[in-house]
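Chemist: Chain order of the listed sequences is A and B.
Position 50 of the first sequence, counted from 1, bears residue number 49 in numbering that gives the first Met the number 0, the numbering being contiguous throughout.
Position 45 of the second sequence, counted from 1, bears residue number 44 in numbering that gives the first Met the number 0, the numbering being contiguous throughout.
Keep in mind that a hint or two might mislead.
Listed below are the simulated SDA-like cross-link pairs for lysine to any residue, each with C-alpha atoms no more than 25 angstroms apart in a straight line [as the list claims (entries may be wrong)]: (1) B:Lys20 x A:Glu15; (2) A:Lys76 x A:Gly58; (3) B:Lys27 x A:Ser23; (4) A:Lys76 x B:Trp91; (5) B:Lys24 x A:Ile33; (6) B:Lys20 x A:Phe104; (7) A:Lys34 x A:Asn9; (8) B:Lys27 x A:Leu103; (9) A:Lys73 x B:Ile191; (10) A:Lys87 x B:Gln14; (11) B:Lys12 x A:Ser27; (12) B:Lys127 x B:Pro307; (13) B:Lys169 x A:Gly47; (14) B:Lys181 x B:Glu114; (15) B:Lys27 x A:Ile60; (16) B:Lys27 x B:Trp91; (17) B:Lys12 x B:Lys156; (18) B:Lys156 x B:Glu170; (19) B:Lys88 x A:Gly47; (20) B:Lys27 x A:Ala49; (21) B:Lys12 x A:Lys34; (22) A:Lys34 x A:Glu14; (23) B:Lys24 x A:Lys3; (24) B:Lys127 x B:Trp143; (25) A:Lys73 x B:Pro167; (26) A:Lys76 x A:Leu103.
Residues from chain B shown here face chain A by an in silico Cβ test under 10 angstroms; the list is partial [stated by the list, open to error]: (27) Gln14; (28) Arg19; (29) Lys20; (30) Asn23; (31) Lys24; (32) Ser29; (33) Lys88; (34) Arg90; (35) Arg112; (36) His119; (37) Thr177; (38) Glu178; (39) Arg179; (40) Ala251.
Everything labelled a hint here was simulated from the structure, so no lab data went into it.
These figures come from a predicted structure and were not determined experimentally.
All C-beta atoms, glycine included, are put in the ideal place defined by N, C-alpha and C.
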Amino acid sequence: MLDKWIKIANIADVEEDEVMLVTSGNYSLALYKIKGEFYATDNICTHGNACLTEGYLDGNIIECPKHQGRFNVKTGKALCSPVTIDIKTYPCRLKNMSEVEVNLF
Amino acid sequence: MIKEINNKEVNLKVQDIVPRKILNKMMKRSNTSALLFLCIHLTYLAVTGYGLYLAIDTSWWLMMSIIYGLGIVHLFSPQHEFSHRTAFKNRWVNDFFGWTFGLIIALPPVFFRWEHTDHHSYTQDIEKDPELIPTPSSFLTYLWYITSVPYWMGFFKSFIPHLLAIIPEKEAVFIPDTERWKVIWEARFMLILYSTIAYLSLYYNSTIAVEYWLLPRLIAEPLMRMVRYTEHAGCPLNNNILENTRTTLVSAPYRWLAWNMPYHAEHHMAPSLPFHALPELHEHVKDKLVGTANGFIHAHLDIIRAIPVNKI
Ligand code: FES
Numbered sequence: 000m001l002d003k004w005i006k007i008a009n010i011a012d013v014e015e016d017e018v019m020l021v022t023s024g025n026y027s028l029a030l031y032k033i034k035g036e037f038y039a040t041d042n043i044c045t046h047g048n049a050c051l052t053e054g055y056l057d058g059n060i061i062e063c064p065k066h067q068g069r070f071n072v073k074t075g076k077a078l079c080s081p082v083t084i085d086i087k088t089y090p091c092r093l094k095n096m097s098e099v100e101v102n103l104f
Numbered sequence: 000m001i002k003e004i005n006n007k008e009v010n011l012k013v014q015d016i017v018p019r020k021i022l023n024k025m026m027k028r029s030n031t032s033a034l035l036f037l038c039i040h041l042t043y044l045a046v047t048g049y050g051l052y053l054a055i056d057t058s059w060w061l062m063m064s065i066i067y068g069l070g071i072v073h074l075f076s077p078q079h080e081f082s083h084r085t086a087f088k089n090r091w092v093n094d095f096f097g098w099t100f101g102l103i104i105a106l107p108p109v110f111f112r113w114e115h116t117d118h119h120s121y122t123q124d125i126e127k128d129p130e131l132i133p134t135p136s137s138f139l140t141y142l143w144y145i146t147s148v149p150y151w152m153g154f155f156k157s158f159i160p161h162l163l164a165i166i167p168e169k170e171a172v173f174i175p176d177t178e179r180w181k182v183i184w185e186a187r188f189m190l191i192l193y194s195t196i197a198y199l200s201l202y203y204n205s206t207i208a209v210e211y212w213l214l215p216r217l218i219a220e221p222l223m224r225m226v227r228y229t230e231h232a233g234c235p236l237n238n239n240i241l242e243n244t245r246t247t248l249v250s251a252p253y254r255w256l257a258w259n260m261p262y263h264a265e266h267h268m269a270p271s272l273p274f275h276a277l278p279e280l281h282e283h284v285k286d287k288l289v290g291t292a293n294g295f296i297h298a299h300l301d302i303i304r305a306i307p308v309n310k311i
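Bound-form chain B, shown alone (with noise of 0.2 angstroms):
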């Protein structure tokens, strides 16, 4: 269900919806959730990349590298939540997790952590929100955004100029001082890291690292792009936490794979909350939710509906 678009100011907080006791016994990190998400991650990425193996001179190659590809843009979700530090009970374990996925999927880790805490803080304001994903204002934007070009744009955009030591503008006002020295030396290590890998793929004519990770990396990004669009584009631009953002109620395998970022409201909510709270919150929270989503072609047709009439 859309909502009008609307500037209201509510100061509305999860405590003020779910008792602090409850809140706080959700609060506790588990590492053998941790791990045991990890182990169906790595898992789905195991048997399909074995699948793409066994498909890569014949015609499901684009396929396996499309259903194979899903799982390494997924590792943005576990990404997502060692960048929120909440996923393992030690920092330096989720750190360390947050830069292999980081490095696997481009995605600097310390940079997104800065950006993505602003997110945060400033969820659907349309001047202060670094990760707004805006309503399309056609149905040819929609489309366009998820051909996920728009995306690299973005990273091109932000990725350059940390090599060339430059902090825009637009992100000196979230990472601080003391941290944009890490910004620029984590592009640049990025850089070298891929390059190396660049010159040995064509020293030992090898087409590993394209077939089974550049290659599926890109062909899946439209899908991954699909998902963000649904966690806030079409909800209302205001700061109620019951309306600026979308819960899409998903099957339980896909939830695995997305670590329950699917309930992204009660994440909003809580960014404090691991991820394997968000199903318990969910239940205390959903009949105060405003727009939830049954599964992703509903929730697609929310944003689209979205779209001014005569745009379509």
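The shape of chain A in the complex, shown without the other chains (with noise of 0.2 angstroms):
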């Protein structure tokens, strides 16, 4: 299997119990770090043309903006109406306890 790990951020950067928006290439990722560990997703939501970076994120569970579906952030369950399709998560882990990075494969 190809990985493909890539700096996404610094982890002073991202606060606890929050989400925010990362950019690599044509990626456009939603960071969330919760109780200390870092997911990501893909920021587009499933159902429709809304960034869930600007939802809203309560405990595991990002709310899309547009009509509030609801995702969980660790596993990409998609898990109320109108969201039927997951949303996909990207692995996530630590170097040298500073940066954050991501694997895109």
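Mind docking these for me? Both chains are given alone in their own frames, and the hints should help you get the complex.
Modeler: Here it is, written out as structure tokens:
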């Protein structure tokens, strides 16, 4: 399997219980910090053209700002109407305890 | 201040103006704020409703009906907030109150939620904004809108097809297939409910529903139209969040009744932001907003000034 870990943020850039927009090449990702752990998903909702980074993060759940569809940030699972398609998640890891890396493949 | 109408496309987002960290903090939902505003609103209705009860056979009846009706039509403000699901933390609580208030003011909640989403997506887009209230083309059109007759005509134009299981073409673009049955059945449920109330009123020879609900609801609607007019009418027809929506600065008691909705430009910048955070967002963006009105008179003068000169 191809691995492509790339740096997307500094740990200090993201606050606890927050979501941040990060871009890398053609990717637009939502980076979350929940209870000290980092998670990344696609930024664009699977239901329509809305950015999850503009939505409301409640624990593990991100709520889309457009129709309030919800996804589990850790698993990408679509949780309620109108979203039916899961959101893609990306593995994250910390490097040198200062950088956040994400695997895009 | 009215800016020249143009079609300039600007992809400005609120994150370009307010740091995301600050926005995230403001985005936190608060049951306490929602309960507080709910108590204020219900207290207004209880006090003015009692006033209406005392005035019912006197010459004060009409005035009290308007004052009490103002509280009824302003149930639109929390209903709107519930439709965004930003008032309470729990979505089912938002939906429950959204339904309850929607039934009181005859605003079908499921339909409104989908229509309103497109209003946010296409604010002031003359072809796509389903809630666009056009800048009046003449002073007569301005007055005609305030009568609320066009509003009720629009309501029936949508409500009757829904009863007949028809989703008009214009609505099909924003109501997904999976939600259409809900829109149809909510219209039918509303008809059954209102017919039952009418039947019981006739059966028991009771005027309560007419005096404390229907008449105040209808009498005060023109006031709500005047408020709704100020949100976008006369603003530029573009997608610039700093220009296409008007914030109207009003007194605190009115802000409470309207659940901070006069901070309308702020609401359009960040629809996921709960109503209680709008005054704070206003502090961050007020210097950048174009066309903020200092009270409703100012806002209406702006709208009237936007009428083509030869039509006034
Ligand atoms: S666009 Fe995200 S729920 Fe519809």
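Chemist: Each hint needs a verdict: does it hold in this structure or not?
Modeler: Against the structure, the hints come out as follows:
no. : hint                : verdict
1   : B:Lys20 x A:Glu15   : 10 angstroms, holds
2   : A:Lys76 x A:Gly58   : 14 angstroms, holds
3   : B:Lys27 x A:Ser23   : 28 angstroms, violated
4   : A:Lys76 x B:Trp91   : 20 angstroms, holds
5   : B:Lys24 x A:Ile33   : 15 angstroms, holds
6   : B:Lys20 x A:Phe104  : 29 angstroms, violated
7   : A:Lys34 x A:Asn9    : 17 angstroms, holds
8   : B:Lys27 x A:Leu103  : 30 angstroms, violated
9   : A:Lys73 x B:Ile191  : 44 angstroms, violated
10  : A:Lys87 x B:Gln14   : 24 angstroms, holds
11  : B:Lys12 x A:Ser27   : 16 angstroms, holds
12  : B:Lys127 x B:Pro307 : 23 angstroms, holds
13  : B:Lys169 x A:Gly47  : 19 angstroms, holds
14  : B:Lys181 x B:Glu114 : 14 angstroms, holds
15  : B:Lys27 x A:Ile60   : 13 angstroms, holds
16  : B:Lys27 x B:Trp91   : 17 angstroms, holds
17  : B:Lys12 x B:Lys156  : 34 angstroms, violated
18  : B:Lys156 x B:Glu170 : 11 angstroms, holds
19  : B:Lys88 x A:Gly47   : 23 angstroms, holds
20  : B:Lys27 x A:Ala49   : 20 angstroms, holds
21  : B:Lys12 x A:Lys34   : 28 angstroms, violated
22  : A:Lys34 x A:Glu14   : 10 angstroms, holds
23  : B:Lys24 x A:Lys3    : 33 angstroms, violated
24  : B:Lys127 x B:Trp143 : 23 angstroms, holds
25  : A:Lys73 x B:Pro167  : 40 angstroms, violated
26  : A:Lys76 x A:Leu103  : 18 angstroms, holds
27  : Gln14               : 7 angstroms, holds
28  : Arg19               : 6 angstroms, holds
29  : Lys20               : 6 angstroms, holds
30  : Asn23               : 5 angstroms, holds
31  : Lys24               : 9 angstroms, holds
32  : Ser29               : 12 angstroms, violated
33  : Lys88               : 8 angstroms, holds
34  : Arg90               : 7 angstroms, holds
35  : Arg112              : 8 angstroms, holds
36  : His119              : 8 angstroms, holds
37  : Thr177              : 7 angstroms, holds
38  : Glu178              : 7 angstroms, holds
39  : Arg179              : 12 angstroms, violated
40  : Ala251              : 27 angstroms, violated
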